[in-house]
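Protein chains in written order, with the working numbering: chain D, 662 to 973; chain W, 662 to 973; chain R, 662 to 973.
Source of the hints: derived by calculation from the structure; they are not laboratory data.
Where hints are given, some of them may not hold.
It does not matter which identical chain is used: a pair holds within one copy or between any two.
[Unchecked claim] Here are the computed lysine-lysine pairs in the DSSO-like style, where the Cα-Cα straight-line distance is at most 27 Å:
#1 Lys685 - Lys663
#2 Lys685 - Lys778
#3 Lys754 - Lys685
#4 Lys754 - Lys837
#5 Lys852 - Lys780
#6 Lys780 - Lys967
#7 Lys827 - Lys754
#8 Lys852 - Lys778
#9 Lys685 - Lys776
#10 Lys780 - Lys663
#11 Lys780 - Lys837
Fair warning: this is a prediction, and the values are worked out from it, not measured in the lab.
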Amino acid sequence: MKHFTSANDIESAPSLVEEGLILKADPHQSKIGTNKTLGLIFFNPSLRTRLSTQKAAFNLGMNVIVMNIGKDGWNIEFEDGAVMNGATQEHIKDGVAVISEYVDILGVRTFPELKSKEKDYSEQVLNKFKEYSSVPVISLESATLHPLQSLADLITIEQHLIKRPKVVLTWAPHPKALPQAVPNSFLEWIKLTDADVTMTCPEGYELAEEFTEGVPIVNDQNEAFADADFIYAKNWSSYTHYGQVLDVREDWTITQEKMRLTNRGKFMHCLPIRRNVVATDDVIDNSIVYQQAKNRECAAQVVLKKILEANG
Amino acid sequence: MKHFTSANDIESAPSLVEEGLILKADPHQSKIGTNKTLGLIFFNPSLRTRLSTQKAAFNLGMNVIVMNIGKDGWNIEFEDGAVMNGATQEHIKDGVAVISEYVDILGVRTFPELKSKEKDYSEQVLNKFKEYSSVPVISLESATLHPLQSLADLITIEQHLIKRPKVVLTWAPHPKALPQAVPNSFLEWIKLTDADVTMTCPEGYELAEEFTEGVPIVNDQNEAFADADFIYAKNWSSYTHYGQVLDVREDWTITQEKMRLTNRGKFMHCLPIRRNVVATDDVIDNSIVYQQAKNRECAAQVVLKKILEANG
Amino acid sequence: MKHFTSANDIESAPSLVEEGLILKADPHQSKIGTNKTLGLIFFNPSLRTRLSTQKAAFNLGMNVIVMNIGKDGWNIEFEDGAVMNGATQEHIKDGVAVISEYVDILGVRTFPELKSKEKDYSEQVLNKFKEYSSVPVISLESATLHPLQSLADLITIEQHLIKRPKVVLTWAPHPKALPQAVPNSFLEWIKLTDADVTMTCPEGYELAEEFTEGVPIVNDQNEAFADADFIYAKNWSSYTHYGQVLDVREDWTITQEKMRLTNRGKFMHCLPIRRNVVATDDVIDNSIVYQQAKNRECAAQVVLKKILEANG
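All chains, full assembly: derive it from the sequences and hints.
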């Protein structure tokens, strides 16, 4: 593995899941990261991504340097050939090249602007990092994907040992326009397993075809929930009407009543979650969301380990 | 020791002081924290608390992750059952549960709002952390107590080897309304030693009875200072007239002249100190305040070590 | 070596360069920093200085604590004898004394205000740190000098193995008023080597005599570039007309055409660089600026190592 920015970067999802679980059982078995440094760059604030990735790196014996861009002061130029006599102080090209001189792996979190679909889906920032970094790049969530979350999700599902589980990805309400990164990525990864996947959302909330291809889309949430083993809830803004909040659709909140339609289904969410908006308290309090969150650690650890092994 | 949030959490103050001094003499004797991680959450800025606690953790071989809440972006909901369709993004319940999945000990600093006595003295935030954390919680100062400071204070007094010292806690002027955490906590802890404790403050500045019980309160500062071995100065806002700055009372500034009334008394303060307001330059320059500050390190270290031993 | 704040603090530049290159070849050869802690205080944001210094410390086995002043909340009083009843919360004297209790080496970055030449060139902040710190102080760039950058520059030049190289320090345009720290320091250090040094700048941009003494100053940039082995470009604001931006002088931008006047000269710059303002893209893309940046790591490492050895 060179970079880790999507499911395309890995050889086998099931074997990555298996190795993740082996590391989870004994997080300190390998100190392959000794004398290695992980750099983490956040263009947007992060709590659980930062913590879980730092912890994963510590487990492997790595040092970690965190940079919060903007707050730690860095106005970046993205345009090639720009005459930089305005506000930008450093070209992304130089910034990334220099940072990567000091670290062995570079993690970066970026977010979509949710204004131009073309711009966001071109993954401009992430791709500049891949282009200019002299070391492997890990996505800590990009404009359109969140592979470390998806790997943690697959590990969580695997822990329940259900053969060919029915997994339902459901849209849920939220007061803000959110990225499509988590649902895109979840579909990309879950399709690499033996799961039977269904997606349910109100009309107008379909995702890009590259992710939904082969996945049945049901607009009736109750119908979709029938016999599900896992309900994966997430809000996202419309891909078709890009960046708009179409309709809050409070009737899509996941309730205990809806969960009763499932096959004792486990409720999943990547957190943070708006309680009593995305799902009711009783649903969340009987869910596996903390297990998911905890699995962010072994997911990050197996990715770091694989990259260190391949680039050692 | 499970949590460390007040003197009630410990078995014996004198033995904790003694063990703290043993660690101070050789800070690297125990690497019990190897492969363990300390998370430090600050709802308010911190300098010496963060530094001393990080250093203490490093001494034990621990890794440290620091989170500055607000600045690092996290709008937290505290109300149970809230419909989170407004500004708050994550419920304290979920946030604390998740963070505690990634660390072995969780330190948290909160401050009082100094508006409602009931709210502050209920220690809402700290208690939510204790309730929802899956790992031990350390107070890095809470709304009403500052136990790590008090333990450092006791260690400092012990280093001077005075049998049954006369210790005077004195109110001092300050331009702002400050919490009662340091004086509350100092009284709570000093009463666990053999010291002869007196408190002196202008009328209206008495502290909560639970802390002052058994402690003589003298309104004449000069009278209180007579024969003192230690003068512990601190400003705090009125407990009775909660959150108000009653009166700056510049005549309460600690001066060399007042120190001459003592038994060659040592001047103590938790720092930061407003020079020539709380005390004059000459008093501070001949004090033991840096010794106190340095003892924050071994105080934090003995607490971390005890918790790791109890929860190993 | 006690402190490291200028070339006056070292014994021999050539031997420091040589030792830096030995560490660069094998950065993990010495773990002399085990159980030692480096504190880094930034009064202004920093990216490459923080990263390279953290990395250098990690290489030696040190722990690192970073403090961003202002953002992490600390209003400091610099005046002796001040009655601190206003905005300042802690005297520099107490703050530095306390911080230095928790670390083994203290790095500090300050910037000039570029208002009063006398104030900036008195290095008030840096000197207060040296005065009040109980441990060695390293300059991470001060108001008028940047010794870690200069050491990295000398290491870079040495790597090209040119006997008695012709080195030209050239002024370059920039839209803002910048400090003189980098060029001052470069002259101070380069004069300690066997290089043949020339400086070129528009009239009015001469530096302080203590740095330019013995260095020919040429106002014709093309004339200065002739036969140069290294072109060191940097903008700085006028020392004579202190703090003013005299004239952007776009004709001083370093271009490929100008580089052709040199002896296949290598282009150097401390970064970050305003592309197509300081120098054109093609000049930067064929330069040794990333090599320079990378050498910040071994420069910091050799300085930390020397200090640890001297104070062990």
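Check: Going through the earlier hints one by one, which of them does the structure break, listed in rising order?
Finding: Failing hints, ascending: 2, 6, 7 and 9.
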